[in-house]
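S.K.: Here is how the chains run, residue by residue.
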Amino acid sequence: DAKTTQPPSMDCAEGRAANLPCNHSTISGNEYVYWYRQIHSQGPQYIIHGLKNNETNEMASLIITEDRKSSTLILPHATLRDTAVYYCIVRPRGGGATNKLIFGTGTLLAVQP
Amino acid sequence: EAGVVQSPRYKIIEKKQPVAFWCNPISGHNTLYWYLQNLGQGPELLIRYENEEAVDDSQLPKDRFSAERLKGVDSTLKIQPAELGDSAVYLCASSLGVAETDTQYFGPGTRLTVL
Numbered sequence: 001d002a003k004t005t006q007p008p009s010m011d012c013a014e015g016r017a018a019n020l021p022c023n024h025s026t027i028s029g030n031e032y033v034y035w036y037r038q039i040h041s042q043g044p045q046y047i048i049h050g051l052k053n054n055e056t057n058e059m060a061s062l063i064i065t066e067d068r069k070s071s072t073l074i075l076p077h078a079t080l081r082d083t084a085v086y087y088c089i090v091r092p093r094g095g096g097a098t099n100k101l102i103f104g105t106g107t108l109l110a111v112q113p
Numbered sequence: 001e002a003g004v005v006q007s008p009r010y011k012i013i014e015k016k017q018p019v020a021f022w023c024n025p026i027s028g029h030n031t032l033y034w035y036l037q038n039l040g041q042g043p044e045l046l047i048r049y050e051n052e053e054a055v056d057d058s059q060l061p062k063d064r065f066s067a068e069r070l071k072g073v074d075s076t077l078k079i080q081p082a083e084l085g086d087s088a089v090y091l092c093a094s095s096l097g098v099a100e101t102d103t104q105y106f107g108p109g110t111r112l113t114v115l
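Quick mapping for you: the protein sequence lines, in order, are chains A and B.
For the first sequence, the numbering used here assigns the number 1 to the initial residue and increments by one for each residue that follows.
For the second sequence, the numbering used here assigns the number 1 to the initial residue and increments by one for each residue that follows.
Take these hints with a grain of salt, some might be off.
Mimicking DMTMM-like on lysine to aspartate or glutamate, the simulated pairs with C-alpha atoms at most 25 Å apart in a straight line are [unchecked claim]: (1) B:K15 x B:E83; (2) A:K100 x B:E52; (3) A:K52 x B:E52; (4) A:K3 x B:E52; (5) A:K52 x B:E83; (6) A:K52 x B:D74; (7) A:K3 x B:E44; (8) A:K100 x B:E14.
Because the hints were derived from the structure by calculation, they are not lab data.
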């Protein structure tokens, strides 16, 4: 079972920041927070991941609370092409058999013109 | 660099017929995954290969589903016979390996409709 809770849907105005929340209150110290997104009729696409520090890349920023029980994915300037289902996934550290992604139902982000 | 390639993109069959899906992973990726995605749900892992060895097939319904990855590159997922409930999107993904930092890259999927 997925170990995260996300709102089923959100709206965002084009050009504004999109802030997608995720609750993972049972996360353990050896688990990462991963974010993927899935645009309609495409496969999931990796966005970003983090352990306890905030992370930023060319696609997004990931803010993890100090207690690590929740996180927020930030798309700084949302465009219509960012409309997608966003999945927050908790994944154990270490390789091998733990390299398994367990998806929930995600958040459908609709960017409005 | 080419991504994960899957074919066909769409397939419509009648129940009890066989069907096969093909996946070509990113060049150099040793680990290959097949996922099933039902409408409105996230993908669920069916099977994972490390090179040509299936190392996690616990979620694969083995009475009707089979998979192979000959020579550790391309892979085929087969259903025989198909049932109405098999209508879904079948996704293939690959990664360099199973190291902690290895990212999974997904193909576009094959949408199966069983009538």
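S.K.: Please go over all the hints and tell whether each is borne out by the structure.
M.R.: Evaluation of the provided hints:
1. B:K15 x B:E83: The given pair, whose Cα atoms are some 5 Å apart, holds under the 25 Å limit.
2. A:K100 x B:E52: Satisfied, since the Cα-Cα distance of roughly 18 Å is no more than 25 Å.
3. A:K52 x B:E52: violated, 35 Å
4. A:K3 x B:E52: Violated, at about 31 Å.
5. A:K52 x B:E83: Not satisfied, since the Cα-Cα distance of roughly 44 Å exceeds 25 Å.
6. A:K52 x B:D74: violated, 37 Å
7. A:K3 x B:E44: Holds, at roughly 14 Å.
8. A:K100 x B:E14: Judged against 25 Å, a Cα distance of about 32 Å means the pair is violated.
Figure legend: structure checked against the earlier numbered hints; hints not met, in rising order: 3, 4, 5, 6, 8.
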